[in-house]
Amino acid sequence: IADRDIDALNPRTAKRPLVVGIVSLREAWGIVVVGSLLYYISAALLNIYALMLSPIVWAITMSYPYAKRFHWLPHIHLGLVLGLAVFGGYVAVEGCYAQSILQLVVSAPWPLILGVTLWVSGFDTVYAIMDIEFDRKLGLGSIPAKLGVKGALVAALVQHAIASLLFVYTVTVYGLGFPAYITTVASIVLLCYEDYLVLKSLDNIPRAFNLNLVIGPLYTLGIILSEVLKS
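The C-terminal residue of the sequence shown carries number 370 in our numbering, and the numbering is unbroken.
Label pairs and their computed distance ranges (CB to CB):
{"#": "1", "residue 1": "Ala167", "residue 2": "Val288", "range": "29 to 35 Å"}
{"#": "2", "residue 1": "Lys276", "residue 2": "Gln238", "range": "50 to 56 Å"}
{"#": "3", "residue 1": "Met269", "residue 2": "Leu357", "range": "23 to 29 Å"}
{"#": "4", "residue 1": "Tyr205", "residue 2": "Glu272", "range": "20 to 26 Å"}
{"#": "5", "residue 1": "Leu357", "residue 2": "Lys276", "range": "33 to 39 Å"}
{"#": "6", "residue 1": "Ser370", "residue 2": "Val172", "range": "38 to 44 Å"}
Because the hints were derived from the structure by calculation, they are not lab data. Given the structure is predicted, the values throughout are model-derived calculations rather than measurements. Where is the CB? At the ideal position from N, CA and C, for every residue including glycine.
Using the sequences and the hints given, assemble the complete structure.
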């Protein structure tokens, strides 16, 4: 909704459903309203802390589409949105037992939350290279528009390197088992291959981007298997 006018001007996004009329503006707003209601109802049904924290997460999520109008780090904003999904899962479970909201927030798995944030921000930085000239023309913020292609690639590599270290740190500090280590290594290898594809040719960006559809579930699977085996 927020980007419909901008999307109409960008050849890459000009055929999105809201732009071409497959989905009407009224229908889109209906989805937002219904989705938000279900979100708050679900939070209320989980525990009081989930309900108390839900407006903060909602605000961060809903403000993301406007981020590039105000600063050149919308990728970090998007990464935080997905990183907070980890936080949400933690609150959903541990919120039933926490003695205070402060205790809950402090004890959250911040290494994993930050790792996801930087992983997502890294690949979104690369993806934004495809719109570098368009963003510059319209004055929209992004790392590629600010630092150029080489600067964006360096920024993505740095973010992915830190994310990889945080993923390893997470499985170590939380005492996760062998499956988690295996899938962590496999995920990092895929992440390195993703970056290699982009460094080899910018034409590989869509192909590299799709590797993230494997990396996330693979890493998560290792954590789940480790917890199942421990129980």
